[in-house]
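The listed protein sequences correspond, in order, to chains A and B.
Going by the numbering used here, the first residue of the first sequence is number 44, and it counts up by one from there.
Going by the numbering used here, the first residue of the second sequence is number 13, and it counts up by one from there.
Honestly, the hints are just simulated from the structure, not real lab data.
None of these values were measured; they are calculated from a predicted model.
Any given hint could turn out to be false.
Said to hold, decoys possible - With beta-carbon atoms standing in for the labels, derived distance ranges: (1) A:123 with B:137: 30 to 40 Å; (2) B:168 with A:123: 28 to 38 Å; (3) B:229 with A:194: 30 to 40 Å; (4) A:355 with B:29: 33 to 43 Å; (5) B:77 with A:123: 41 to 51 Å; (6) B:115 with A:371: 27 to 37 Å; (7) B:81 with A:353: 48 to 58 Å; (8) A:355 with B:226: 12 to 22 Å; (9) A:118 with B:168: 17 to 27 Å; (10) B:164 with A:114: 20 to 30 Å; (11) A:133 with B:227: 30 to 40 Å; (12) B:46 with A:84: 48 to 58 Å; (13) B:231 with A:358: 14 to 24 Å.
As the list claims (entries may be wrong) - Covered stretches of chain B, as calculated for chain A (at least 3 residues, CB under 8 Å): (14) 20-31; (15) 44-54; (16) 227-237.
What the hints assert, rightly or not - Below 20 Å or equal to it, Euclidean Cα-Cα: the simulated SDA-like pairs (lysine to any residue) are: (17) A:63 with A:425; (18) A:254 with A:425; (19) A:64 with A:369; (20) A:104 with B:232; (21) A:117 with B:173; (22) A:63 with A:375; (23) B:54 with A:238; (24) A:346 with A:364; (25) A:117 with B:120; (26) A:365 with B:240; (27) B:15 with A:449; (28) B:235 with A:318.
Backbone N, C-alpha and C define an ideal beta-carbon position, used for all residues, glycine too.
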Amino acid sequence: MKEKWYPLDNAAQIFPLVSKKRYTNSFRFSAVLKEEVEPIILKEALKETLKRFPTFSVSLKKGVFWYYLEQNDKEVVIREEDPYFCESNDYKIQNDYLFNLSYFQKRISIEIFHGLSDGTGGIEFFKSILYNYLLMKNIEINNTGEVLTEAVEELIDEAQDSFKFNYEAKISKTEKEVNAYKIDGKLHNYDWVDCIQTIMDTDSLKEVSKKYDCTITQLISSVLLYQIYYQFYIYDDSNKPIRLFIPVNARNYFSSKTLRNFALFIRTNSKFEGNISFEEVVEHIKETFKEELSKERMLARIKTNIKLEKNFFVRYMILPLKTLIVRMVYKIIGTGANTLSFSNVGKVNLPKEMENYIDRIDFANSASNDAKVNATLISYNNKSILTFSSVLIERQFQYGVIKMLQEMGIRLVVTTNDLEV
Amino acid sequence: MKKCIKCGIQFDTNRYTCPFCKVNLVNCDKPNIEIVHQDYPKFKEDVKKQSIVLNLFIFLTILAVIICALISYFANSKEKGFYALLIVGASLLVCWLFIKGVILSKMNFPMRIIAFALSLIMLFAIIEYDLSNDSWVLNYLLSFILTSALITIVFAMFLKISRFKNYISLLIGLCFLNCIPICLYDLEIINVLWPAFIACSFGLAVVLGMLVFGFKATMLELKKRFHA
Numbered sequence: 044m045k046e047k048w049y050p051l052d053n054a055a056q057i058f059p060l061v062s063k064k065r066y067t068n069s070f071r072f073s074a075v076l077k078e079e080v081e082p083i084i085l086k087e088a089l090k091e092t093l094k095r096f097p098t099f100s101v102s103l104k105k106g107v108f109w110y111y112l113e114q115n116d117k118e119v120v121i122r123e124e125d126p127y128f129c130e131s132n133d134y135k136i137q138n139d140y141l142f143n144l145s146y147f148q149k150r151i152s153i154e155i156f157h158g159l160s161d162g163t164g165g166i167e168f169f170k171s172i173l174y175n176y177l178l179m180k181n182i183e184i185n186n187t188g189e190v191l192t193e194a195v196e197e198l199i200d201e202a203q204d205s206f207k208f209n210y211e212a213k214i215s216k217t218e219k220e221v222n223a224y225k226i227d228g229k230l231h232n233y234d235w236v237d238c239i240q241t242i243m244d245t246d247s248l249k250e251v252s253k254k255y256d257c258t259i260t261q262l263i264s265s266v267l268l269y270q271i272y273y274q275f276y277i278y279d280d281s282n283k284p285i286r287l288f289i290p291v292n293a294r295n296y297f298s299s300k301t302l303r304n305f306a307l308f309i310r311t312n313s314k315f316e317g318n319i320s321f322e323e324v325v326e327h328i329k330e331t332f333k334e335e336l337s338k339e340r341m342l343a344r345i346k347t348n349i350k351l352e353k354n355f356f357v358r359y360m361i362l363p364l365k366t367l368i369v370r371m372v373y374k375i376i377g378t379g380a381n382t383l384s385f386s387n388v389g390k391v392n393l394p395k396e397m398e399n400y401i402d403r404i405d406f407a408n409s410a411s412n413d414a415k416v417n418a419t420l421i422s423y424n425n426k427s428i429l430t431f432s433s434v435l436i437e438r439q440f441q442y443g444v445i446k447m448l449q450e451m452g453i454r455l456v457v458t459t460n461d462l463e464v
Numbered sequence: 013m014k015k016c017i018k019c020g021i022q023f024d025t026n027r028y029t030c031p032f033c034k035v036n037l038v039n040c041d042k043p044n045i046e047i048v049h050q051d052y053p054k055f056k057e058d059v060k061k062q063s064i065v066l067n068l069f070i071f072l073t074i075l076a077v078i079i080c081a082l083i084s085y086f087a088n089s090k091e092k093g094f095y096a097l098l099i100v101g102a103s104l105l106v107c108w109l110f111i112k113g114v115i116l117s118k119m120n121f122p123m124r125i126i127a128f129a130l131s132l133i134m135l136f137a138i139i140e141y142d143l144s145n146d147s148w149v150l151n152y153l154l155s156f157i158l159t160s161a162l163i164t165i166v167f168a169m170f171l172k173i174s175r176f177k178n179y180i181s182l183l184i185g186l187c188f189l190n191c192i193p194i195c196l197y198d199l200e201i202i203n204v205l206w207p208a209f210i211a212c213s214f215g216l217a218v219v220l221g222m223l224v225f226g227f228k229a230t231m232l233e234l235k236k237r238f239h240a
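The shape of chain A in the complex, shown without the other chains (with noise of 0.2 Å):
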């Protein structure tokens, strides 16, 4: 059979030129089940979902000018869960596969670079090795299309870089971005990052969200902007605007089935003055969503990317040297555009059997000196779980988002990885 080589599509191939130990871009999906977790039974039912996924068995490779994935026919690895999350980008102890699957207890976790995917593509293959999991156990679920599998047809569209297919060239590209205002403080000692988890009820989320007729992802967002701006934004001279950063699944807006990366984003502009009252926070939120939000907008976003891949001396550029002058750049520009990341993965819809052995699952990203916290979303089971991920010791950032949302009427607990202090 023939050897199958992917180049990286166009967002991927930032990654691997900017990945280091503390900043792996990478990001983690984890179900928690109701039984302890048969970790041989794991391994074979990753097996089974790899030959289902060719765009994730595959392995990083240097090319002259860019890295490019290939095929890999080595043994999967799986292994104990580790107790730093997202800092591994060591893929040689995985046998060069660019996700790490690891259990504990009653939970599944796997960390995916996101030079393989982005969140959506990364979840449709979590739910097919949970699928074949629970499958492997003998229980019988009835899978009427909402897990991918070796029954469901695979599609070339699945491979495609859906940014060069939807490239063009008459839009105008987007406008020069500056600096965001940075959330700072002390950093936690042995590259320790924090992980807060809320787990919120999604009924009393979405009842919340109606109140302020606005989506749970415009609610989320507005309250983490209203919180760095009565926290910090306020007490600080600065000039710069916070700017969140929301990744949005292109896929909703163009037509593409690809399992590889395809997201683009919205970027907040906001600066307040004096005091601001939530619902002016939600207002200008929903403005921005539907300003970014317009295919026209999304389009400028793809041309800018693809331009620069395009750029002639981008593109021949020999890959150690591109690799030294994009970290300089990134490390100027890059890092400094997004006061905080905030991701939706949405909704997530497996087999009603899988209910029954699923108690949730969460989405995490990996924090860093560059972005130093992170906020992630993810639905599953009427339980909504709002992850923070930290560099940072002090935690009343955190505290005050969780705060709001329970004073809102969100019925919530929360889970923490950190230990006693």
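Assemble chain B onto chain A, guided by the hints.
Okay, now just chain B, sitting in the frame of chain A:
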């Protein structure tokens, strides 16, 4: 389930204190949401173990350099002493390259061979600079080391043909390096033809072999590596 009396937030945790206000948590009978309890793995400090063997090697290397420097100083032959020091220094450097770059390295096999071959050439060039002026390194040794490196990699590849795709770019690179001696002969920098001729012939033979016996595979590998 636990609760913080001060914050009013419920926690599913093994902690004794609230992660936000550090007040002691109390047990809570009525959870806001029913969830399955799940712990996190215990944090372990990542302590880097110091290797005694490695430290011993570092100690011996520094000691050898200091002793050589002292001998050359007290031998009162500054110029000769300097070269002696240079040879010892270069030998130790190659020794280190061999240990770190070949034995302990995570690089793939051809890369290690090439790194070692180049460091050997460097060492002998330094020795030659001190001992003689008849260019034996460029005339003979350069070709001999490059050819040996190429033979070793080709042999390793034949042992496991699936290595071909991992070795190909370095193999092609080494074939080009094998053409350097003949270029040097052409530029009249070296004056012995036969070793240069053998190195170049072997390099060209390997390239030709790749194209004849594995044309499709070679082209695919080149396409992957040169895609832009």
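Now the hints, each set against the structure:
Checked against the given bound of 30 to 40 Å, the beta carbons of residue 123 of chain A and residue 137 of chain B, roughly 51 Å apart, lie outside it. Here the CB-CB span from residue 168 of chain B to residue 123 of chain A is close to 35 Å, well matched to the stated 28 to 38 Å. Residue 229 of chain B and residue 194 of chain A have their C-beta atoms about 33 Å apart, which keeps the hinted 30 to 40 Å range intact. The supplied range of 33 to 43 Å is broken by residue 355 of chain A and residue 29 of chain B, whose beta-carbon atoms lie about 59 Å from each other.
In this structure the hint that residue 77 of chain B and residue 123 of chain A lie 41 to 51 Å apart at CB holds, the actual value being about 45 Å. Evaluation of the 27 to 37 Å hint for residue 115 of chain B and residue 371 of chain A yields a pass: the beta carbon distance comes to about 34 Å. As the Cβ distance of residue 81 of chain B to residue 353 of chain A is approximately 56 Å, the hint placing it in 48 to 58 Å holds. Between residue 355 of chain A and residue 226 of chain B the C-beta distance comes to about 32 Å, which lies outside the given range of 12 to 22 Å.
For residue 118 of chain A paired with residue 168 of chain B, a C-beta distance near 22 Å keeps the hint of 17 to 27 Å intact. Between residue 164 of chain B and residue 114 of chain A the C-beta distance comes to about 27 Å, which sits within the given range of 20 to 30 Å. Look at residue 133 of chain A against residue 227 of chain B: about 36 Å separates their beta carbons, and that is inside 30 to 40 Å. Between residue 46 of chain B and residue 84 of chain A, the C-beta spacing of about 26 Å breaks the proposed range 48 to 58 Å.
Checked against the given bound of 14 to 24 Å, the beta carbons of residue 231 of chain B and residue 358 of chain A, roughly 21 Å apart, stay inside it. For the stretch 20-31 of chain B, the stated coverage by chain A holds: 10 residues have a C-beta nearer than 8 Å to a C-beta of that chain, and at least 3 were required. Beta-carbon proximity to chain A at under 8 Å applies to 9 residues in the stretch 44-54 of chain B; the threshold of 3 is reached and the given coverage holds. Three residues within the 8 Å Cβ limit are the bar, and the stretch 227-237 of chain B against chain A gives 3, so the coverage statement holds.
The hinted pair formed by residue 63 of chain A and residue 425 of chain A fails the criterion: a straight-line CA distance of about 36 Å is larger than 20 Å. Of the pairs offered as hints, the one joining residue 254 of chain A and residue 425 of chain A holds, with about 19 Å between alpha carbons and a cut-off of 20 Å not exceeded. For a cut-off of 20 Å, the pair hint linking residue 64 of chain A to residue 369 of chain A stands: about 17 Å separates their Cα positions. In summary, the hint linking residue 104 of chain A to residue 232 of chain B is supported, as the alpha carbons are separated by about 14 Å, within the 20 Å threshold.
About 16 Å separates the Cα atoms of residue 117 of chain A and residue 173 of chain B, which keeps this hinted pair within 20 Å; it holds. Only pairs whose Cα atoms come within 20 Å are accepted, and residue 63 of chain A paired with residue 375 of chain A is accepted, the gap being roughly 16 Å. Taking the CA atoms of residue 54 of chain B and residue 238 of chain A, the gap is near 14 Å; set against the 20 Å cutoff, the hint holds. At most 20 Å may separate the alpha-carbon atoms for a hinted pair to count; residue 346 of chain A and residue 364 of chain A exceed this at roughly 24 Å.
About 16 Å separates the Cα atoms of residue 117 of chain A and residue 120 of chain B, which keeps this hinted pair within 20 Å; it holds. At most 20 Å may separate the alpha-carbon atoms for a hinted pair to count; residue 365 of chain A and residue 240 of chain B meet this at roughly 12 Å. For the hint pairing residue 15 of chain B with residue 449 of chain A, the CA-to-CA distance comes to about 13 Å; that is within 20 Å, so the pair holds. A hinted pair counts as satisfied when its Cα atoms are at most 20 Å apart, and residue 235 of chain B with residue 318 of chain A does not qualify at roughly 60 Å.
Checked against the numbered hints listed earlier, the structure breaks hints 1, 4, 8, 12, 17, 24, 28; every other hint is satisfied.
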